[in-house]
Structure formats: C-alpha cells, structure tokens
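With these hints in hand, go ahead and build the complete structure from the sequences.
The lines below spell out each chain.
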Amino acid sequence: MIPALTIVSAVVAFPLVYSLWMSLADVNLLKTTGPAIELFGLRIPLFRFVGEANYARIFADPLYWGSVGRSLYFVAAFVIEATLVGLGMALVLQERFAGRTLMRSLLLIPWSLSRVVVGLLWIGLLDFEFGALNAALHRAGLIDTYIAFFKEGFTALNVLVSVYMWNQAPFATLLFLAGMQSIPVELHLAAEVDGAGYWQRLRYVTLPALRPILFLVLVLATVNGFLMLDLIYILTMGGPGYDTTTISWLGFQTAFNFFKFGPGAAILYTLTAFCLVLTFVYRFLMFRREAAA
Amino acid sequence: MSTTRRRFITQAGLGTAALLAEGGVRRAAADKPLNFAGWVFKPDTVKDYVEFYNKKFSGQVKYEAIPWAQYHPTMETRAFANEIVDVMYCNHNNRERWFENGLIRAIDDLPGADELKKKMAPANLDSLKSKDGSKVLGLPYFTSLFILIYNEPMLQAAGIKAPAKSWDELVEHCTKLKRDKASDTPFLPNWNNSPSGTMPQFMTDCFSEGAQVFDAKNRVIVDQEPGAAKAMERWQKVYKAGLVNPEVLTKTSSTDTHRLFWTGRYAYHTNHSYYLKTIAGEPENSKLAPKKAKMAMYPGTGQTYMWTDSYVVNAKTKVLDDAWKLVRFLGGNLNGDWYVQRQWCLISGLDNPYPEMYDHPEIIKSYDGWIDLKLLREQYKKGKVIAAYKEPWYSEYDTKAVPIVHNMIRGTLPVGQGLKDIVKLQRSLA
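As you go down the protein sequences, you meet chains A and B in turn. Using our numbering, the first residue of the first sequence is number 857, and each one after it goes up by one. Using our numbering, the first residue of the second sequence is number -18, and each one after it goes up by one.
Please note that the accuracy of each hint is not assured.
As a list, the in silico EDC-like pairs of lysine to aspartate or glutamate whose alpha-carbon atoms are at most 16 Å apart [stated by the list, open to error]: (1) B/355 x B/340; (2) B/268 x A/951; (3) B/142 x B/153; (4) A/887 x B/81; (5) B/218 x B/150; (6) B/112 x B/81; (7) B/159 x A/1000; (8) B/221 x A/1008; (9) B/297 x B/107; (10) A/887 x B/64; (11) B/162 x A/1000.
To list a few chain B residues with every Cβ distance to chain A over 10 Å, as calculated [unchecked claim]: (12) 27; (13) 78; (14) 98; (15) 103; (16) 107; (17) 114; (18) 133; (19) 141; (20) 146; (21) 175; (22) 228; (23) 236; (24) 246; (25) 316; (26) 384; (27) 404.
Simulated from the structure, these hints should not be mistaken for laboratory data. From the three backbone atoms N, C-alpha and C, an ideal C-beta is built for every residue, glycine too.
So this is what it looks like as structure tokens:
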C-alpha cells in the first residue's frame, strides 16, 4: 500500500500540487534562489507567492476571454462531430458485411497516427498552393481558383475541428463498438419480436444501453478538445490574427514563448476547471433520472 | 560545385589525417566531457563539426540537437534542474535574459576575445552586446538579414527587363503578372506566423520606408512614423488585390514560406538571405535553380532588418577553458582557422559578421553559384540592427504584435488604429 501511494504521489499528486503552486507564484526558472523544499535530495524552489495575481492578470486580458470563446466553440463542434461520426461509424461496423474485419482495423489508422503527422498530412491535402484536394477539385472542374482553407479565421478554426475529428473519431467508434457488443442479443431479439424496426431498436435499445459509453466519449472528447495544441502548432500557430488561438495555445505561448510560467500555469488551470465543470454537467444531464430514482 | 555533407566529411577526414601525419596536433586530451546543445538546423553537419573538433583537439564534446520550438525552454528547465550545458546556441531574443539571470557569462575577459571583436562588423558586435553595451555575450553562430528575391525567367517572360527598384514598381509588376495570368499570387512576403516571419518583415519594410520602429529608449514609435503607415497600407493593398498567397499568414516558419518560391510560381519574395541558397542553388529542390532566382537591392532606402544569433558559454561551466575553446572553434577562428564559420557559408549560405571571410576564394566561388556576393555585401552595409530585443518584454511583444499586423494586412483593422494598438501593446508590457 505504502509503495503504491508513494508512486502515485510522486507521479500524480506532486506535479499537480506543484504546478498549482506555480500558478500562484512569480516563477522564473533561471532564478531559483529563495525558499525551497528538499525531496529525495532534490531542491525544489518555491518561488515568490503572489496569490491570485496571476489569475487576476489573465482574467483582465481580453485575449484570454477571446481564447475562451474560441475554445468553447472548438470543443462544442469537436465533441458533436466526433461523437456523431464515431457513433455512425460504430453502427456501420456493427453490421455484418464482407470486409468488416478489415474495415475495423483500418479505422484505427487515423487515431494511431502522431498528431504532427496528421497535421502534415492535412497540409498536403488542404494547402492553397499544392494541396491535393484543391488539385482534385480543380481537375474535376468544380472550382476555378484554389480554395484558401486557412485564409479566414473562422474557416481555419473549423478546419482544425474537422482534422481533429478525423484523428479522434475512430477512438469514439472503438468505444461505441465495445459498448454495442456488450448489449445482450436477447434485447434486440425481443424488440424484433415486438415488431420494432431498425430505428426503433436503435432508439429504445442501443442508445439507452450505450449511455455510460456515451458519457465516457463526451468526457474524453471534451478534455481532448480543450487540450488540443499540436495541430494548432502545425497548421496555424494560432492565426490568422488570433482566430485560432485557444486557451491551450495561449497557455503554451505564455509559459514557453514568453517564459511567464506563473500566468501560463494559471491559464492552463482554468482549462482544467472548464473540463471538470463540463464533466459534471454531462453527468448531471445524462444520469439525473437514475439519480432521482 | 557546392559543398555537400559527404564532401565536407571527406575534407575534414583528409585534413585531420594530414595534420596527424605532420604531427601538427598537440594531443592534450580534455579532462572532462563538455556538453554542447543547439536547436535543430542541419544536426548532422553540426555533428560532423563536433567529431572533427574532438579528433583534432582531442576533445570530449557531447552534442545534442533539440527541436527549435522547445530549445530555449528546454535549456531553461535544464538550468532549473541544475544541469550544466557548457556551450549553447542562443537566439538574439533570449540572450540578454539568459545573461541577466546568470545562465550565461560574458566572453570579454577570455583569451582572444578582443581580437575577434575587432574583426567583427560593428553592427553585429553591437547586436551581441549586453543591454548596457558593456559586455559581449557570445560569439556569432550566424548573421542574416532580409533580402528581395526575384524570379528572373518569370519577369523576362512578361517583358519586365529589370527587377523593381521601388515598392510602387514592385506592386505594378505584380499587378501586371496577375492580370496576364503569369502568376496567381506573384508576391510572397515572409508574413508567416513564427517569430522569424511577420515582425522581422514588418521592421524590414518600415526601415525600407525610412521609418523607425523603436526610439532610443526602445519604445515602439510606429504610430508617429509615416513610413510605417505607408508600409502597412501597401501590405493591405497587395493582400486585397490578391497579389499574395493568403495562406502565408498561417505558415508556421520562414523555411516553409521560402519553399513556396521553389515552385517558380511567384515573381518576388522577401525572406532571410540564406534561403536564396536553396532557391537558386539546389536544382534537386527548386525550379529556380541554378540561379534563375536572383537577389535585388531591397527597395526604398534599402535598409533591412539584420540580426545575429550566437554561441554562448554557461556561467556555471566547470570546464571554462574547454568551453571557450569550443566556442572559438564554432564562432571564431581557433588557431587562425575560420573552419566552422566558413563551412556554414559553404554548406548553407549562413553568413557571419567577419568581413574578411568573404575574401576567401572558396567562399567567393561557392556564393557565385547562388547569389551576387558583391550585392549581398552591399545589402549588409544597409543592414539595421535593433536593441529592443534585449528588453525583457520583447518576446511577448514580438509574438502578440503579429495578430495586430495580420489584422491590418487583412483589412479587419485600419492601419492607423493597428499601429496605435502595437504601441499600446508595447507600453502595456514594458
């Protein structure tokens, strides 16, 4: 028990507490004199405590609130897309057809790719100058001039949503498939005997049984949506303007480009708060009836 | 013939063998290993330099390449963990902060530093100095500046006999090329979203219009400079007219941006000088090689933004003599040989602030394969350095000003307001 607790503390609790402390401190990694704690022979500087100053500072910055708005939009669009596409693909792959096993295997490829590779792949498809999609559309006579997918900020943000959905929806599919396979066949057979068609069985048997999985998918998609950073780095770097700057990108920039680790940690802790709040909202909305019963 | 990595290794090997055969190398092995780190730019080439150094000087240098995006934060977190990286790359934006916070030391008191300082172009030397001008913080890794590049075959095919000498002429050429369907987007300015893109390009074009960006106290003054407004109005105009690839605003590096010019579909490009080496000197990559893309003097005043990145010595190094020796090998002329500085010129067109290097026949011959060296030297005389990057607020200003400039370019923010916003941003951070 004690070794397990020690490992959990070292790996999870300490970084969590220390980073929370950093969000309340004036952090300069190059100035580590001053108060410190000793852990296993390591000197861990505590930096100067500044209380809520870092949070007050970021909340006073209009850029932060703009980023919050874009993050919420990004997460909402991504969660809806990833959940619907994931569920749709799972329903298709649940059916019996030739090549189903192969399709299930191929499905995992987008999810298994590194996000840097995903970004580069989609640049190859969408680029204004040499994108394969533009070339194909042009060759098919569907467009006269190439489309600049990243020219307008809102379009660029939606492209990011779709690319990320392409990358992540297979995982949702996998979870939904696992959930579907755990539904007793007898339930479907009984519904069929009662005269239920495909859509009725989906509505009254499959979807209710998938509720715990749906909750998991929503929570994971929400957290992943808020944390998404690498595609922004590869595809837009937060631009044009600030139009694809989300909280995660702002936090990353603040900490690692401006070397303001205190405010950077504060920004990223607000992101954690958003994730927690939304998790509780999902839980409340999905399980309130059960709770009432 | 340009120098390739293979050729470099061969030469290095032969050179070492010859020296060993002559007994010309004093084999005084370094007592302790020395850690050297840099960001990723031709890491195999740097590894070759280090191997060459270790063989020639019996060194124990351990080299590590770290991706550019994480490089400076990684160095800081390592310092935080009390790890000593004895010799490091440092870009100009971080040098002063590293010095003020005790991560690196000045080099003035080290043997041979004064001679090297005398050999450096004064503007580059200023650039390497601490904010108060009293100390030199490193030796140069490379220097560069913005240049104007043009696609000669495209201009000739359109009946344009000479590259633009003024901005008005450049816009006129681009308008004609678009109208004649010679190019969809003839102009490729370096408006990318990285620290090496939009803002250095902004300063360059302000300078070329005769505007100052910072005053003597490093405060941004672009709202008082008609030249800055003129440059921004021009940017807005060319963007609105569809003369520029609209996605250049979301390109993530100057490298990605310059590669677009390889296609031969653009007429004019503004970017760092060394990129012309790949555009005009690498036929395997670029349709504009050999020498179909050329450099022209920057329009307007001809002044462009110039900077110097550096090799620095860790203030806590326990092997100071060895660290300084390596830094002189990399950024100077250890034992009278500008070896690494020369190789960077030959391999990558990375310039350095030592004018005497450019009298070397090998360099003259190599540059002749991709650029008009005489014109480049003239351009360097008009290179303009700033001191504002030595301010603690500079990195944040430099990043946060990009969206303001992009909004001016896209016309979502009027030029007058945008320039005021840039000033306001700087004041809020200072």
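(message) Check the structure against each numbered hint from earlier and tell me which ones fail, lowest number first.
(response) Result: hints 2, 9, 13, 21, 22, 24 and 26 break, sorted rising.
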